[in-house]
Amino acid sequence: AQKVTQAQTEISVVEKEDVTLDCVYETRDTTYYLFWYKQPPSGELVFLIRRNSFDEQNEISGRYSWNFQKSTSSFNFTITASQVVDSAVYFCALSETSGTYKYIFGTGTRLKVLA
Amino acid sequence: GAVVSQHPSRVICKSGTSVKIECRSLDFQATTMFWYRQFPKQSLMLMATSNEGSKATYEQGVEKDKFLINHASLTLSTLTVTSAHPEDSSFYICSVLLAASSYNEQFFGPGTRLTVL
Chain B
1 AQKVTQAQTE ISVVEKEDVT LDCVYETRDT TYYLFWYKQP PSGELVFLIR RNSFDEQNEI
61 SGRYSWNFQK STSSFNFTIT ASQVVDSAVY FCALSETSGT YKYIFGTGTR LKVLA
Chain L
1 GAVVSQHPSR VICKSGTSVK IECRSLDFQA TTMFWYRQFP KQSLMLMATS NEGSKATYEQ
61 GVEKDKFLIN HASLTLSTLT VTSAHPEDSS FYICSVLLAA SSYNEQFFGP GTRLTVL
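So the protein lines, in turn, are chains B and L.
All the letters of the first sequence, read from the start, carry residue numbers 1 to 115 under the numbering used here.
All the letters of the second sequence, read from the start, carry residue numbers 1 to 117 under the numbering used here.
Here chain B stands alone, though its shape is the one from the complex (with noise of 0.2 Å):
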């Protein structure tokens, strides 16, 4: 069965000081997709990346950078120099291909930048 585990529930860090958030997933799907969201405290999710299973590259983007390893199953979200205003709720979600459109959505990490 498909399934998306954060295990860290929160993470505090101080302004600029670089975070990572761990991201593990399971499927039986060869083909599948993977997003990270950012959920504010107003609630409205804001989509940060998607990416397929074919496509292991990492990516940057800005602050932002995710390292995808197909071998361990895990998507990482890293925020270098983090700010005040990443602090969030960010949820990674599982898509498989198999006629669902199904999101599997972690539990989520709070994060807590501190000034």
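Among the hints, a few may not be true.
Unchecked claim - Derived pair list, reagent style DSSO-like, types lysine-lysine, alpha-carbon separation capped at 27 Å:
| # | chain 1 | residue 1 | chain 2 | residue 2 |
| --- | --- | --- | --- | --- |
| 1 | L | K20 | B | K112 |
| 2 | L | K20 | L | K55 |
| 3 | B | K70 | B | K3 |
| 4 | L | K64 | B | K102 |
As the list claims (entries may be wrong) - Under 8 Å between C-beta atoms, here's a sample of chain B residues computed to sit facing chain L:
| # | residue |
| --- | --- |
| 5 | Y33 |
| 6 | G43 |
| 7 | F91 |
| 8 | Y101 |
| 9 | G108 |
| 10 | L114 |
As the list claims (entries may be wrong) - Sample of chain B residues lacking proximity to chain L, with all beta carbon distances greater than 12 Å (derived):
| # | residue |
| --- | --- |
| 11 | Q6 |
| 12 | T9 |
| 13 | V19 |
| 14 | R28 |
| 15 | L34 |
| 16 | E44 |
| 17 | N58 |
| 18 | S61 |
| 19 | G62 |
| 20 | T72 |
| 21 | N76 |
| 22 | Q83 |
| 23 | S87 |
| 24 | K102 |
| 25 | I104 |
| 26 | R110 |
Just so you know, the hints here were simulated from the structure itself, not pulled from any lab data.
Just so it is clear, CB atoms sit at the ideal spot from N, CA and C, and this is done for glycine as well.
With chain B fixed as given, assemble chain L onto it according to the hints.
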């Protein structure tokens, strides 16, 4: 991408009343929409898949008669919480499936916060 709206953004109602939440796809026709529920400090849990012109598919444990879903057009799906009780208080989020996307991507609405007194 796709732009999704929800109305209302926030609603407070008395126990026993019914509440309707609308989810609109503003810039493309959505055959499939999803409804999620999120309790405080928890993850998003899929409630049901809404398909235009047919009955919704509910996840295990979700009461069909309590959470009525109607997807009568390609741009609108509604979720009606019938005879709401305080335990139904939650954040309800809809999404639309962009089937043409190569990623089976969903685009999310801003959410509706329901408080039942």
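Consistency of the hints with the structure:
Note on L/K20 and B/K112: the hinted pairing is violated, with a Cα-Cα distance of about 34 Å set against a maximum of 27 Å. A C-alpha spacing of about 17 Å is found between L/K20 and L/K55, which places the hinted pair at or below 27 Å, so the restraint holds. For the hint linking B/K70 to B/K3, the alpha-carbon distance of about 15 Å falls within 27 Å, and the restraint holds. Taking the CA atoms of L/K64 and B/K102, the gap is near 19 Å; set against the 27 Å cutoff, the hint holds.
For the restraint placing B/Y33 at the interface with chain L, the shortest Cβ-Cβ distance is roughly 5 Å, inside the 8 Å limit, so the hint holds. Given the 8 Å rule on beta carbons, the hint for B/G43 holds: about 5 Å separates it from the nearest Cβ of chain L. Because the closest C-beta pair between B/F91 and chain L is about 7 Å apart, less than 8 Å, the hint holds. Nearest Cβ of chain L to the Cβ of B/Y101: about 5 Å, under the 8 Å cut. The hint holds.
The interface hint given for B/G108 is met, as the beta carbon of that residue sits about 5 Å from the closest beta carbon of chain L, less than 8 Å. At a threshold of 8 Å, the smallest CB-CB gap from B/L114 to chain L is about 19 Å, leaving the interface hint violated. Chain L draws B/Q6 into its interface by the beta-carbon criterion, the shortest separation being 9 Å against a cut-off of 12 Å. Look at B/T9: its CB is around 9 Å from the nearest CB on chain L, not clear of 12 Å, so calling it non-interface is violated.
In this structure B/V19 is separated from chain L by more than 12 Å, as the shortest Cβ-Cβ distance comes to about 19 Å. For B/R28, the shortest C-beta to C-beta distance to chain L comes to about 16 Å, beyond the 12 Å cut-off, and the non-interface label holds. At roughly 9 Å, the least C-beta separation between B/L34 and chain L is not larger than 12 Å, which violates its mark as non-interface. Under the 12 Å C-beta cut-off, the non-interface status given to B/E44 relative to chain L is violated; the minimum distance is some 4 Å.
For B/N58, the non-interface assignment is confirmed: its Cβ lies about 18 Å from the closest Cβ of chain L, beyond the 12 Å cut-off. Under the 12 Å C-beta cut-off, the non-interface status given to B/S61 relative to chain L holds; the minimum distance is some 16 Å. Every C-beta of chain L lies more than 12 Å from that of B/G62, the closest at about 19 Å, which supports listing it as non-interface. Every beta carbon of chain L lies more than 12 Å from that of B/T72, the smallest distance being close to 22 Å; the non-interface claim holds.
At roughly 18 Å from the closest C-beta of chain L, the C-beta of B/N76 stays outside 12 Å, upholding its exclusion from the interface. With a cut of 12 Å on Cβ distances, B/Q83 stays outside the contact zone with chain L, its closest approach being about 23 Å. The Cβ of B/S87 sits about 15 Å from the closest Cβ of chain L, beyond the 12 Å cut-off, so the non-interface label holds. At roughly 6 Å, the least C-beta separation between B/K102 and chain L is not larger than 12 Å, which violates its mark as non-interface.
Listed as outside the interface, B/I104 is inconsistent with that label: its C-beta sits roughly 8 Å from the nearest C-beta of chain L, within the 12 Å cut-off. With a minimum CB-CB distance of about 8 Å to chain L, B/R110 fails to clear the 12 Å threshold, and the non-interface call is violated.
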